[in-house]
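Residue numbers (my numbering): 1 to 78.
There is no bait here: all hints are sound.
Pairwise CB distance ranges, derived in the manner of DEER restraints:
#: 1; residue 1: Gly58; residue 2: Phe33; range: 17 to 25 Å
#: 2; residue 1: Ser34; residue 2: Gln8; range: 26 to 34 Å
#: 3; residue 1: Asn12; residue 2: Ile55; range: 17 to 25 Å
#: 4; residue 1: Glu19; residue 2: Pro62; range: 14 to 22 Å
#: 5; residue 1: Val61; residue 2: Ala9; range: 16 to 24 Å
#: 6; residue 1: Gln8; residue 2: Gln65; range: 27 to 35 Å
#: 7; residue 1: Gln49; residue 2: Ala22; range: 15 to 23 Å
Derived from the structure by calculation, the hints contain no laboratory data.
C-beta: ideal position from N, C-alpha, C; glycine also.
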Amino acid sequence: MDPLHDIQALSNVDIHVYEAVAGESGEYGWAGFSALVRATGLTEDEVRQSLQTLIGHGYVVPAEQGYGLGPHTFGVER
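Generate coordinates for the entire structure from the input sequences, incorporating the hints supplied.
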């Protein structure tokens with residue numbers, strides 16, 4: 001059985017940044033760093049730190065022009 005990502009282990013900031021990546025990456029499949037800072041209203045350091053966490057968990061992947069969503073592996077543990 002594949003382990004499920006535990007979305008509950010993410011902070012509110014991480015979830016906010018993940019949602020910004022999802023919202024900003026629609027047309028091109030990626031979101032630029034500056035766009036994520038603007039969309040979240042967070043500092044560059046906060047966004048950078050959160051992106052490192054999200055990349056480490058596989059929720060976000062570095063893309064050629066910024067950041068994109070990783071595989072959708074969220075699930076509900078029974």
